[in-house]
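J.: Below, each chain spelled out in residue letters.
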Amino acid sequence: AQRVTQPEKLLSVFKGAPVELKCNYSYSGSPELFWYVQYSRQRLQLLLRHISRESIKGFTADLNKGETSFHLKKPFAQEEDSAMYYCALSRQTGANNLFFGTGTRLTVIP
Amino acid sequence: KAGVTQTPRYLIKTRGQQVTLSCSPISGHRSVSWYQQTPGQGLQFLFEYFSETQRNKGNFPGRFSGRQFSNSRSEMNVSTLELGDSALYLCASSPSGGRALDTEAFFGQGTRLTVV
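For the protein sequence lines, the chains are D and W, in the order given. Quick note: the first sequence uses our numbering, first residue 1, plus one each step. Quick note: the second sequence uses our numbering, first residue 1001, plus one each step.
Any given hint could turn out to be false.
Stated by the list, open to error - Covered stretches of chain W, as calculated for chain D (at least 3 residues, CB under 8 Å):
| id | stretch |
| --- | --- |
| 1 | 1043-1056 |
| 2 | 1082-1094 |
To be verified - Label pairs and their computed distance ranges (CB to CB):
| id | chain 1 | residue 1 | chain 2 | residue 2 | range |
| --- | --- | --- | --- | --- | --- |
| 3 | D | 102 | W | 1012 | 23 to 29 Å |
| 4 | D | 29 | W | 1027 | 28 to 34 Å |
| 5 | W | 1039 | D | 27 | 24 to 30 Å |
Bear in mind the hints are in silico, worked out from the structure with no lab data behind them. Note that the structure is predicted; figures quoted are calculated from it, not measured. C-beta: ideal position from N, C-alpha, C; glycine also.
With the rest of the complex left out, here is chain W (with noise of 0.2 Å):
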């Protein structure tokens, strides 16, 4: 079974600019959330999407929203980058059927943002 896959690994942008990150889940989990990783901040919650509608948000401002497709497959877009948004985007996916056994996130490797 193939793992959860995350595009691009690596990414540099400039300030201002938006950015899309892509994650293709475990074949037949409709759950996907994403995470922020900075050494300051740690490991934080962004959002969840299941079923294409997003079920869960963090406390992240407007700048950051994402989307979930037919497939699963979710992109998570950036706007007017920061400085401060350079981190490491983990995307997990879940079976997430309802069922206490269900939650367990699978993650990606993470795409490496550097804004600059």
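Here chain D stands alone, though its shape is the one from the complex (with noise of 0.2 Å):
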């Protein structure tokens, strides 16, 4: 079985600080990870995978096998950033089935 932890609901943060959202996941097999967003009165959206090893928006996120993390990082927030993050994982290649974590709701205080 799969499961992927996000420990914490809240965090806030002020804008300029550095943030990092954290995730672990468990899965015998090799998963593909991400991050996916949630802006107020916006649909669900992907942030990054683990496969592209981009930066989006500033964002960064390294797999890390042996710790099972997959912990969201980026050096200066941004008011904008206040969302709800997911970390997902999906068990096969090129399928949409996707695995969420519980969300944390990034607040960015000005």
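Bring the two chains, given one by one in their own frames, into a single complex with the hints.
T.: In structure tokens form, the structure reads like this:
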């Protein structure tokens, strides 16, 4: 079975401060890991995926297989980063089946 | 490009009834997945359909079923509704051609189901 854990339900940081949203996973195979974000009154949307190794809106996430973690980081938080962030795992390459963590609500204080 | 469309947006049903929710994916997307979102359990994967076949299934009872049509549109059915089925049901479509970069799920706005 697979499991995604996001230990923080709520996270508040000041504008310009670094942000780290934690995500740990358990799965016996080789999963794909994602971060999805939901801004106020918008749809859930993909922020980034580990396989792309890209930086989106200043966010990065590194897959650490040893620690089974996929933490999301940004060096300088902006007010527009305030949103709900979900870490998700897919068991199959190229398949549309996601197992989500419970989410972290990030608030960036001006 | 039109996004994922779910209908209806809101539903109120009585316990014991059944309900059918509809999802129209983005044009060209062959995979449609369904998720249940509740305050207590968060986002939970129900099932995925690809080319009219159920490809993956989550851990939900048989009262939850789905299907996909040849135009990739999908429906989800819940029979014998229980109070605990009250939730936001999200649909997501994806190209899912088997390549890793195909694995981006595009979500609809959801159908809010209330069982009374």
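J.: For every hint, state whether the structure bears it out.
T.: Verification of the supplied hints:
1. 1043-1056: The restraint on the stretch 1043-1056 of chain W holds, since 7 of its residues have a Cβ under 8 Å from chain D and three suffice.
2. 1082-1094: holds (count 4)
3. 102/D with 1012/W: 23 to 29 Å: 27 Å, holds
4. 29/D with 1027/W: 28 to 34 Å: 32 Å, holds
5. 1039/W with 27/D: 24 to 30 Å: The hint (24 to 30 Å, Cβ to Cβ) holds, given that residue 1039/W and residue 27/D are roughly 25 Å apart.
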